[in-house]
Amino acid sequence: MGVYAALVRHQACLLNHSGPAWAAFQLIHSRLLVGTFTLALMRHLFHQSLWDS
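Heads up: the sequence shown is residues 1 to 53, going by the working numbering.
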């Protein structure tokens with residue numbers, strides 16, 4: 001949860017310091033990164049459980 005809060009705070013900082021288009025790009029980019037990481041983690045755990053059983 002702390003990581004997510006830091007991300008949100010980072011986005012707010014970007015929004016203040018730059019244009020809305022750049023901030024939107026950064027937000028989408030961070031969402032994609034988090035989504036990709038989560039997907040990879042889920043796949044890894046799923047494969048682990050398959051091998052264990």
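None of these hints come from the bench; they were simulated from the model. Just so you know, not all the hints are guaranteed correct.
Here are the computed distance ranges between Cβ atoms for each label pair [unchecked claim]:
(1) Leu7 <-> Met42: 35 to 43 angstroms
(2) Ala40 <-> His10: 20 to 28 angstroms
(3) Leu7 <-> His44: 38 to 46 angstroms
(4) His47 <-> Phe25: 29 to 37 angstroms
(5) Leu41 <-> Val8: 33 to 41 angstroms
(6) His44 <-> Val8: 36 to 44 angstroms
(7) Leu50 <-> Pro20: 29 to 37 angstroms
(8) Ala21 <-> His44: 13 to 21 angstroms
(9) Arg9 <-> Leu32: 17 to 25 angstroms
(10) Pro20 <-> Trp51: 24 to 32 angstroms
(11) His29 <-> Ser49: 24 to 32 angstroms
(12) Leu50 <-> Val8: 32 to 40 angstroms
Built from N, CA and C at the ideal position, the CB exists for glycine as well.
Problem set entry | Violated constraints from the hint list, given by number and in increasing order | Hints 1, 3, 5, 6, 7, 8, 10 not satisfied by this model.
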